[in-house]
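The lines below spell out each chain.
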Amino acid sequence: MLPPAPPSSVFSNPTQMGGLFAYLDAGSGSMIVQAIVGGVAAVAVAGKFYWRRFLGFIGVRKKNDS
Amino acid sequence: MEPRVDRGSFRDPDSRVFYAGDSVHRALSERGLADWDALAATTLFRDKVAEGKLVGTEQLPEPNGLPAELDAERVAAVLRHDRVPVVSYPYEWPFGMLKDAALLELELLLAALDEELILKDASPYNVQWRGTQPVFVDVGSFERLREGEPWAGYRQFCMLLLYPLMLQAFRKVPFQPWLRGSLEGIEPAEMRRLLTFRDRFRRGVLTNVVLHAKLEARYADREVKQDLKKAGFRTELIRVNARKLRKLVRRLEWKPGRTAWSTYRTMNPYDEPDAAAKLDFVREAAGARQRRLVWDLGCNDGRFTRVAAMHADYTLAVDADAAVVEALYRELRDEGADTILPLVGNLADPSPGLGWRGAERRPLVDRGRPDLTLALALVHHVALTSNVPIRDFLDWLAGLQTELVIEFPTRDDPMVQRLLSRKGPGANPDYDTETFERALNERWRVERRETLPSGTRILYRASPSA
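Chains W and X, in that order, give the protein sequences.
Count the first sequence with our numbering and you get residues 1 to 66, in order.
Count the second sequence with our numbering and you get residues 1001 to 1466, in order.
Calculated from the structure, these hints are not laboratory results.
Built from N, CA and C at the ideal position, the CB exists for glycine as well.
Misleading hints may appear alongside valid ones.
[To be verified] Ranges of calculated distance between the beta carbons of each label pair, as one might list FRET restraints:
1) X:A1050 / W:V43: 48 to 56 angstroms
2) X:G1424 / W:Y23: 36 to 44 angstroms
3) X:R1367 / W:W51: 48 to 56 angstroms
4) X:S1023 / W:V43: 23 to 31 angstroms
5) X:P1061 / W:W51: 48 to 56 angstroms
6) W:I58 / X:R1011: 38 to 46 angstroms
7) W:W51 / X:R1243: 52 to 60 angstroms
8) X:G1355 / W:W51: 39 to 47 angstroms
9) X:L1060 / W:Y23: 17 to 25 angstroms
10) W:Y23 / X:K1172: 33 to 41 angstroms
One chain only, chain X, in its complex shape (with noise of 0.2 angstroms):
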């Protein structure tokens, strides 16, 4: 396959990304060449890569194999950057993953200040997650310090990070919908306007936002750095400033309220019986053999993920409700789970392609295909929530072209009847068994069926029948 720039790559013109066969390299000016050289020099660089908090890299002998978008005059030297499993977006993590993604941005930028380096921005697009563990892979972001200039990132720090996380935690509004709206964030003075008088009191706003969307507004033609530099500004401030924001950002919490899905298990003890049966059928299907990549769509609680991810090299957990997700999180990242990525995502409302040329971020299905997807206590959901036809809901799982194994809640279960009864009767008249197991006999082959012990659900284990 001939190399490709990653199209998400091209804001910084000393450091572009592009692919080569499966490696990730990285395409250096002569300017980024000489940051590049300052940070592999240093023992943060190297200290850093061993935590695992910086992407694993190496420089190429000889910059070639470059991609024919790239002028190759103007590169200096290719760097080659060790994988992550699957890319994630910040619009795509909950609460925890945003806020720990800001902390290793701090604590990235402090560690460069000590060497005399200093990050060149703060999008959280930079940071990646090895399961629970976020890895900063935007080396190129590393450049010497100009002594007397503020930090150029400041600001994308706080609406892209600083901003969303006090979203959520002053006001409980979900930052993920603004994020996937606006890959820039939320600018300081909309920030101010979404806060209330009580917010402006509380640690950070007013400075961060208030005084800083005022700021905004004033000097918005005018250019200041050298009045600053002329006036003494120096790397001191850029210090005391990243301290101030990571203890700000550590005191951040959100509390989620109970969601019709973190109670979802308390709340139908019909479900206990069916579980283990469930967990046996998932273990059985999932231990088949190893895979490369699970997708656990609709994972709640985890509870099933944990099984696939035994014989998975990664797997990812994705639910819509953001408050189970951030669950899920908080215990992976206790457990260190390196190999489990809880994602936020709706499947009727999935990631889109975004940003330039809608496709600097990419939609999740082109950033990993899984080999076998789990759809349990799924389907129901998406047939009479979201009125997705199960049809329509059957070919999309068969486009992925995966092993699954889908749970079908009869139209007599009580969960069904719960969601039917709201639309009145003759709702979703395609939802019946018969139906769906046509429709999944024509682009599977099922190979398992079992009818759990309540009655009122099949478990169906298949494979793509090309």
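Okay, chain W solo, but in the shape it has when bound (with noise of 0.2 angstroms):
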């Protein structure tokens, strides 16, 4: 199972965002798959992610702390 997905306003950061560059949408999901079908080398980047996530969803993280 896949944790639940923390309200929007948690993470995103209108001046972080990396899609400024991008004329095409690269679509969050589609991102996020690309961490995880990687093999043994994405194991370690999808588990830091929704370590990322689950800390700040249960508040130990603060949405700008990077």
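Combine the two chains into a complex, taking the hints into account.
The structure is reproduced here in structure tokens:
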């Protein structure tokens, strides 16, 4: 099971959007798939991605915390 | 003629295609120019152009001669591209062509990553053809790699290449009507619903379709790029994914069943003596002089296309049956044919203008008018199956201002009888030799007429009368 998705306001920060450079909407879901299907190398990335989301969800990490 | 912007080139503001006379140009922004400089310096660029996989491109000394629609102040440089003979679209390609286009995109993506570049999109419209050789024409699609970001083109690759191929390979549903109906392709959620439970266990489906659809729904309005970057996303993941996609696409196969047309020749033995006479007739008509562009409408196995193509710079082989076009494509590709382009198309329902203002994708007639058209064993299907009035059909052909080789099967012809017998007595009264010949003579100068050995088929060679 995937961890629950936190409300978008928790994470999105328009000033940090790399999407400013792209004319094509890469799609958030489509980007995450790429972090999951990349074999062994992807496990750490996907794990860390979801761990950070989880921390954000339970309030340990603030939205601009990097 | 005034330079004009390509109506299908507006999505990427850093790179706009325009036409000046017979040349295809590309106007680049400052950022587009920096990306081009990075590409032009690579061996990838030199090698892929030499292999014919990337369109030949040079930078013009000055960004002059811009169309009025472009803001000259924002144009930093202009490129000039080699032309492809005739533009075609994915909804006109058989399975094998879409598959080869997908493999070319992945090949270029992987090569780009090695040069610290990436493709910013994955549109099959970026691939065109020189005969059966796919050529990537959107040089503006290459941009400098930004470490830590996923591939922006992955979603488009799925929607316009991977899913349509899967749909045909797994479900035997033709992708052409779908791609023609939706220029963006098939959404991940739609694709998931189109596949069966059994399909979910096929290679690549669980991740590229099921998981993709689920994550897309879950993260619809959420920005994740920065989070992925911080989690350590790196270019190696794009490379691994591209290799997996390549393996996946290579394994997708479509085995067309027997269609009415793929068995047409073997089921019509009476056709054989006629075919020999027809070959002679076409050989003579085509050999009269070198043509620039020939259309063979209703090309079937391409037997007559090949004869016409010997005396033409370029030939389109069009048939409504994707199975025969697929077979022809595979044959021609194996031969390395570069002057015959096989396309799926139905005369009674031809490719329309599509997209923004109905002009992003153009009708076939706007992409290259023929100077010789073959319409062999065709008119009875147009007139009797699709009920297009004979005069209307000839009007349309006359509008092309093309020389013509046309075959008319009379009402006594076994195939005509078969088509008429399904409709009842007295159907299609305008379908008779006299009406046809009168209508033909009103619009054309008939130069040769020959009745084939069967006695039920007549060939005409005609020139525009004007």
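Do the hints match the structure? See the list:
1. X:A1050 / W:V43: 48 to 56 angstroms: About 40 angstroms separates the Cβ atoms of X:A1050 and W:V43, which means 48 to 56 angstroms is violated.
2. X:G1424 / W:Y23: 36 to 44 angstroms: violated (57 angstroms)
3. X:R1367 / W:W51: 48 to 56 angstroms: holds (52 angstroms)
4. X:S1023 / W:V43: 23 to 31 angstroms: violated (50 angstroms)
5. X:P1061 / W:W51: 48 to 56 angstroms: 54 angstroms Cβ-Cβ, so the 48 to 56 angstroms window holds.
6. W:I58 / X:R1011: 38 to 46 angstroms: holds (41 angstroms)
7. W:W51 / X:R1243: 52 to 60 angstroms: Violated, at about 27 angstroms.
8. X:G1355 / W:W51: 39 to 47 angstroms: holds (43 angstroms)
9. X:L1060 / W:Y23: 17 to 25 angstroms: Hint holds: Cβ distance 24 angstroms, inside 17 to 25 angstroms.
10. W:Y23 / X:K1172: 33 to 41 angstroms: holds (35 angstroms)
Against the hints set out earlier in the document, violations occur for numbers 1, 2, 4 and 7.
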